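**Q** Each chain, written out:
2 protein chains.
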Amino acid sequence: MDSTYRDILKWGDKREEEADPLMIKIIRDKFDLEDSDLEMKYLSGNEPVKLEKSSSLKPRQLEFLAGIAGNDNIQCDDFSRAKFSCGKFYGELLDLRLNMIPCPPDAVITPKSHDEVVRIVEYCNNEKIPIIPVGGQSSVTGALKAPLGGIALDLTKHLNKVLKINTENKTVTVQAGISGPALEDELNRHGFTCGHFPQSFEFSTAGGWIAAKGAGQNSTGYGKIEDMVIALKAVTPAGVIETKEYPRTAQGWDIFRLFIGSEGTLGIITEATLSIHYYNPWNTTYASFIFKSFKQAVATMQKMIQSEYGKPHLFRISDPEETDIAFKTKGFDNSLSDKVLKKLGFITGKRSLMFVAVEGDKDYTKFVLNKIKSTAKKGKGMYIGKNPVIKWLEQRYSSAYMRDPLMDLGIMTDTLETAVTWENLLKVWSATHAYVNQRPKTLLMIHISHVYESGANLYFTFLSPMEKGNERNDFAVFHKGLIETIQDNGGSLSHHHGVGRVLAPWMERHLGKTSMEALTAVKKHFDPDNIMNPSGTLGIP
Amino acid sequence: MDSTYRDILKWGDKREEEADPLMIKIIRDKFDLEDSDLEMKYLSGNEPVKLEKSSSLKPRQLEFLAGIAGNDNIQCDDFSRAKFSCGKFYGELLDLRLNMIPCPPDAVITPKSHDEVVRIVEYCNNEKIPIIPVGGQSSVTGALKAPLGGIALDLTKHLNKVLKINTENKTVTVQAGISGPALEDELNRHGFTCGHFPQSFEFSTAGGWIAAKGAGQNSTGYGKIEDMVIALKAVTPAGVIETKEYPRTAQGWDIFRLFIGSEGTLGIITEATLSIHYYNPWNTTYASFIFKSFKQAVATMQKMIQSEYGKPHLFRISDPEETDIAFKTKGFDNSLSDKVLKKLGFITGKRSLMFVAVEGDKDYTKFVLNKIKSTAKKGKGMYIGKNPVIKWLEQRYSSAYMRDPLMDLGIMTDTLETAVTWENLLKVWSATHAYVNQRPKTLLMIHISHVYESGANLYFTFLSPMEKGNERNDFAVFHKGLIETIQDNGGSLSHHHGVGRVLAPWMERHLGKTSMEALTAVKKHFDPDNIMNPSGTLGIP
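Residue numbers (the numbering used here), protein chains in the order written: chain A, 1 to 541; chain B, 1 to 541.
A hint or two may mislead.
No copy labels: a pair is met if it fits in one copy or bridges any two.
Said to hold, decoys possible - The calculated SDA-like cross-link candidates involving lysine to any residue, where the alpha carbons are at most 25 angstroms apart (straight line), are:
(1) LYS366 x GLN306
(2) LYS328 x SER44
(3) LYS164 x SER307
(4) LYS164 x GLU423
(5) LYS50 x ALA238
Note that these hints are calculated values from the structure, not bench results.
Bear in mind the structure is a predicted one, so any value in this text is a computation, not a measurement.
Start from the sequences, fold in the hints, and give me the full structure.
**A** Have a look at this one:
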């Protein structure tokens, strides 16, 4: 039975203890860790959860809400409230390890139907009770905090079904609380795939993907979630929005688009219709390349995506630092093959890996891969087989589990990501490395993982020993500097993690005052009493 | 010197008199016209324009506005006001022929810069003077009427430049008043194409494409205009919106999207950044097919677009009625080849033409065309060479010129279009034919011209003799019935023409009350005093 802070902070439920020994070795060497650092878990969070304040909902309110959802579907105990007070942002995990639950909701409700959601929103709006819609809790932006208390509305328990697979239109209609694997399994059984695989796939939900405007590893081919949504149903204090299924329209601005990226601030997405694709994994073609420099790899990737010969679905470059770690953790470093590579001029600290996978019709996947290979050759990239990308795919989800054992070692580790045009990409890349280099014992790995004709996404993973006793502030200062370095050099605030409360302070600077006022006006219309995920999300006052 | 109603109504400036004799023959036969019907132009509109009321702007207002834009850039004469009172909707053309200008603006202003637009909007907002932004005036939805008078803001005279071709990002930044040909010529010179070719290409503007959410003939490959906009700049009474260039973001809802399809109701789009493509027409591959039935052609098209082997750019099916007219006007009907076709079972009144063109890399265009051919074969489509589609392309823009000579013959003719999922496509197609068949002497041609994995666009062209003396009402009743038939059977209100004032009465029924309220709230934020294209556009109260 779960009861501790650690039960909340861990990623997944099984693998959080399994630290990769090769990764630990790198960390030890890089950060001069002592044996003593490895002996005990730092800030283990193994204490039982205890909240300072009990639920501030009144008995008559709880009773009324229980009347809607049923007694079994409303929880006010400390552990439930603590568990639903956060996502997986590093700052939140650190708080949990420090036995802090700064912003718990007053209750967790698990509604059984769209109609129950309607009734709950109606009641909460009358009573001015905040509502935070919750999916898989994999948010890394502090979007699930409840600074004003209220209700965490957990859609995953009951509203988690596939409603219809439409084979004519190649679409699926789902309830918002369905998880990635549940959706994918059902689609696969019918010969389809959703094509949306964020790293949080195992624990995230369709509703969360839409609310946070997520992207999956195959986004270069299939698009981000906003390219997949055909229609949706959402419950707002201003009424239910239900949009119709059309491939495209010209009927004013698309109302359903307001909910994509709304992060719970407008209402609760209860259903969505998404585009789907044929499930033909046997057709997928793979290629891995190595380049002598990041710059060369990027120029070749740009050429590939702009060549108008079709697009890969998975498309990645690891920068030299990330390539180096990948080679070390896979035991490739200093192998015979590695020595050959180095002889050929693919030098540690310069060389960059590129991964490609193409999905679809079997002739198409071959055709595009051949074109990619030929462009890679012209760009001085060396083909190194299918295996590296296939191996990478195998550990794709589990690499996220690494964060917990790293934090056990007292390592601060988090990620950021940005969208940037080709014009500014190398500038953001070098500026962020320069920024991070100012901090001793800090590792920054960058990759490109979502690619467009006009630019790409840069994804940052950083590691550094925590400043013990000053963990929160040290992180906050470092994190802020990195965000501002990205923005100063032309990167967006977010490409697919969303904004939440963590990035909210930069929204106005980033969007401008007029756009922020427009955002706020839309919010005010749908949620005049500010009950929907209030207090800071998206930077809305 | 232009001075008559006819000078306003004609499509283009040269070809309006050239009636296609084969088309005239079809019309004569179909509608039992007499020689006498051909002798004189019916409602020719050759009278000089005269407005009932003079401009209601006060001298001090005109003076102030002239102070901003310059005396040469403000016109209040009857002809200018009449010319800017309408687009090319059939109802508007009919009014012109009846010497009616129901809703003229009070003045036409041609601003010279973004800053002038800002100052004009500021002043008009203070003075509560309506503004109707105007591009190429090819609107077919009554979006340019000025029921409350005010200013027609014509962006085409000065704000018509390419500001930057960004070869790194494959984007172009333009002023909103640039015309299709001006943009395309400049892009071609730099080795690029905009990839957006609506039938109104010659006379429409980039700003108009965005405001009305248009689509061009290559949309299946390149997308609609909403898929091309990367960023934009717009002047609203609530301030200037200027969005940044990112391939994608996750920063709340995309504010720039609110302006796509806004039809002038929120503000004036002054600049936009659009994605562009390499200009390689020599790579383009073409194919034409004929099918024994519309149903077979549709099923095969659906298969093609859903096959995940790449997509054509131009992708069309003409239904049997349209195919029949095409064969007759091209002189193919009853030719030797036609007799062979009929022998093979491709019968008049059943057979349907399909046109395909693929753009891009030269291997890609061949690859996709081969896949398309192979799918066509499986779907019992017969390949009939490249020529039919190439010939169709040659008359692509000029076919729009036909409307004027047809109206000269007393023929009512207009178009409608809808987006529909595959599931509902044949239902809409047969219901609209059934509806039109109730009216004697009426011809309905339908084609599919924009294709998606989840559905397609159906495009309706109808012809019928006007009810002389009751032209307006007769059209209104027939038109209404057709719109409602489309909607009753699952079609959207519009796929790419927009809504304007003509389709506005159906917006609430179509979107639902909650969505209409949201639309209205967004409008109210950007334009609290309702000066931007007020009174009816998009169905906003």
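**Q** Give a verdict on every hint.
**A** How the hints compare with the structure:
In the homo-oligomer, the alpha carbons of LYS366 and GLN306 lie at most 25 angstroms apart both inside one protomer (18 angstroms) and across protomers (18 angstroms), since each shortest distance falls under that limit. Neither within a single protomer nor between protomers do LYS328 and SER44 lie at most 25 angstroms apart by alpha-carbon distance, with minima of 28 angstroms and 82 angstroms respectively. For the homomeric pair LYS164 and SER307, the shortest alpha-carbon distance between copies (21 angstroms) is at most 25 angstroms, but the shortest distance inside one copy (37 angstroms) is not. Only between protomers do LYS164 and GLU423 lie at most 25 angstroms apart by alpha-carbon distance; the minimum there is 14 angstroms, versus 43 angstroms within a single protomer.
In this assembly of identical chains, LYS50 and ALA238 lie within 25 angstroms of each other by CA distance neither inside one copy nor across copies; the values are 37 angstroms within and 48 angstroms between.
Of the hints listed earlier, those the structure fails to meet are numbers 2, 5, in rising order.
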